[in-house]
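Enquirer: Spelled out, the chains give:
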Amino acid sequence: MYTQSMDIPGQQPRAVAAAEQGAQEQEFEARIAADRKVEPRDWMPEAYRRTLVRQISQHAHSEVVGMLPEGNWLTRAPTLKRKAILMAKVQDEGGHGLYLYAAAETLGVSRDTLLDQLHSGKAKYSSIFNYPTVSWADIGAIGWLVDGAAIMNQIPLCRCSYGPYARAMIRVCKEESFHQRQGYEIMLALANGTPAQKRMAQDALDRWWWPVLAMFGPHDSDSQHSGQSMRWGIKRVSNDDLRQKFVDATVPQAELLGLTLPDPLLKWNAQRGHYDFGPIDWDDFWKVVNGDGPCNRERLATRVRAHAEGAWVREAAMAHAEKQRRKAHQEAA
Amino acid sequence: MSDRQEWPLYEVFIRSKQGLDHKHVGSLHAPDAKLALQNARDVYTRRGEGVSIWVVPSSAITASDPEDKASNFDPADDKIYRHPTFYTLPKEVDHM
Numbered sequence: 000m001y002t003q004s005m006d007i008p009g010q011q012p013r014a015v016a017a018a019e020q021g022a023q024e025q026e027f028e029a030r031i032a033a034d035r036k037v038e039p040r041d042w043m044p045e046a047y048r049r050t051l052v053r054q055i056s057q058h059a060h061s062e063v064v065g066m067l068p069e070g071n072w073l074t075r076a077p078t079l080k081r082k083a084i085l086m087a088k089v090q091d092e093g094g095h096g097l098y099l100y101a102a103a104e105t106l107g108v109s110r111d112t113l114l115d116q117l118h119s120g121k122a123k124y125s126s127i128f129n130y131p132t133v134s135w136a137d138i139g140a141i142g143w144l145v146d147g148a149a150i151m152n153q154i155p156l157c158r159c160s161y162g163p164y165a166r167a168m169i170r171v172c173k174e175e176s177f178h179q180r181q182g183y184e185i186m187l188a189l190a191n192g193t194p195a196q197k198r199m200a201q202d203a204l205d206r207w208w209w210p211v212l213a214m215f216g217p218h219d220s221d222s223q224h225s226g227q228s229m230r231w232g233i234k235r236v237s238n239d240d241l242r243q244k245f246v247d248a249t250v251p252q253a254e255l256l257g258l259t260l261p262d263p264l265l266k267w268n269a270q271r272g273h274y275d276f277g278p279i280d281w282d283d284f285w286k287v288v289n290g291d292g293p294c295n296r297e298r299l300a301t302r303v304r305a306h307a308e309g310a311w312v313r314e315a316a317m318a319h320a321e322k323q324r325r326k327a328h329q330e331a332a
Numbered sequence: 000m001s002d003r004q005e006w007p008l009y010e011v012f013i014r015s016k017q018g019l020d021h022k023h024v025g026s027l028h029a030p031d032a033k034l035a036l037q038n039a040r041d042v043y044t045r046r047g048e049g050v051s052i053w054v055v056p057s058s059a060i061t062a063s064d065p066e067d068k069a070s071n072f073d074p075a076d077d078k079i080y081r082h083p084t085f086y087t088l089p090k091e092v093d094h095m
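Protein sequences, first through last, are from chains A and B.
Quick note, in numbering that gives the first Met the number 0, the first sequence goes up one by one and the last residue is 332.
Quick note, in numbering that gives the first Met the number 0, the second sequence goes up one by one and the last residue is 95.
Take these hints with a grain of salt, some might be off.
What the hints assert, rightly or not - What follows is a list of derived Cβ distance ranges for each label pair:
no., chain 1, residue 1, chain 2, residue 2, range
1, A, Ala315, B, Ala59, 23 to 29 Å
2, A, Phe177, B, Leu19, 23 to 29 Å
3, A, Lys322, B, Val55, 48 to 54 Å
4, A, Gln20, B, Asp77, 28 to 34 Å
5, B, Val50, A, Gly272, 22 to 28 Å
6, A, Arg48, B, Tyr80, 15 to 21 Å
7, A, Gly277, B, Ala32, 54 to 60 Å
Unchecked claim - Not close to chain A: a few residues of chain B, all C-beta gaps over 12 Å, as computed:
no., residue
8, Asp31
9, Ser51
10, His82
11, His94
Worth flagging that the hints you see were computed from the coordinates, not collected in a lab.
Just so you know, even glycine gets a beta-carbon here, dropped at the ideal spot from N, CA and C.
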């Protein structure tokens, strides 16, 4: 159940004795070891709760901010069909944000608090959305590569130890597959189009490739939260393993498009059974994460403005609902 | 920024097709039941996931306490005679 506000009869807040907490912690560890799910009102260590709130809310913020780069092309999609598809995709992203905020709320944090953290810049979202979408081919590249990378990342999360997060991810993954396919189809149309269209597709690939590889996060050796998250069954596959899997899957897809991945060091390594690839520019990654990407300020400002300008609608809807309730109450009396 | 009142939480249940139970699918915030229903339709049935929706204020749900799980549900474990497989019957009638 996606909520904290359920009423439990006779339940009173009470101080938990240290001994009891030790027993609870053991039970929790045993549950994790046995790969069983944790549900919202089960006892969990405070650090586990905090980690989940951070990860799920960052994920939710990413879905919501992720609507902005694509929303930029809604009014300029080349055909009515492409426009309808893009609209459906952007709508999905909004829905994914909702599933994820709802999962985070089960951990006892309110939606408003999470949104405040996003709007004040305290909470992060995926750095990939701080890059601009300057041509239509970027919409293709985002679907194919950004959503492709997201799927790679999200499939293992369907087995996350926290029930509501895992369930939200299952729903998200089901919907996400169309996102990647429509992106690849856009790239396919451009790659098989005029020379200028093919150049456009190649240009988008050149710009998105490295930021997408960075999306999987720092190398395992430098990843601050990875070890504990793996032990808790929140994270199932390491950053480097996911990144390798993504590269291996994407190389043949690029070949089929007749496009070149912008990495002179990319080479099949028969010994490893994987593609080798060049070093990622982590300085650029951290610059974008820490607020100095090409679009950080614009994205956040757009998001805050949308929220502020919608405030009167939310307040009016609430006032109307309260008025209706009062009226119904008076008529009944 | 959040001095206003947050919209109440609703739980959403969807009947995927006629003849099946409504099943919990998630939750959302809405000012009233009517808008909760409309939002649920927009968010949870974008791909023909259902033919009927229930929305319930989360605060109206009474739930069992996870701490009582053992006392509530373990007693069923030693009543294996409640299951058909407990009974060994002659082969001739064992499909009963």
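Enquirer: Mind listing which of the numbered hints don't hold for this structure, in increasing order?
Expert: 3, 5, 6 and 8
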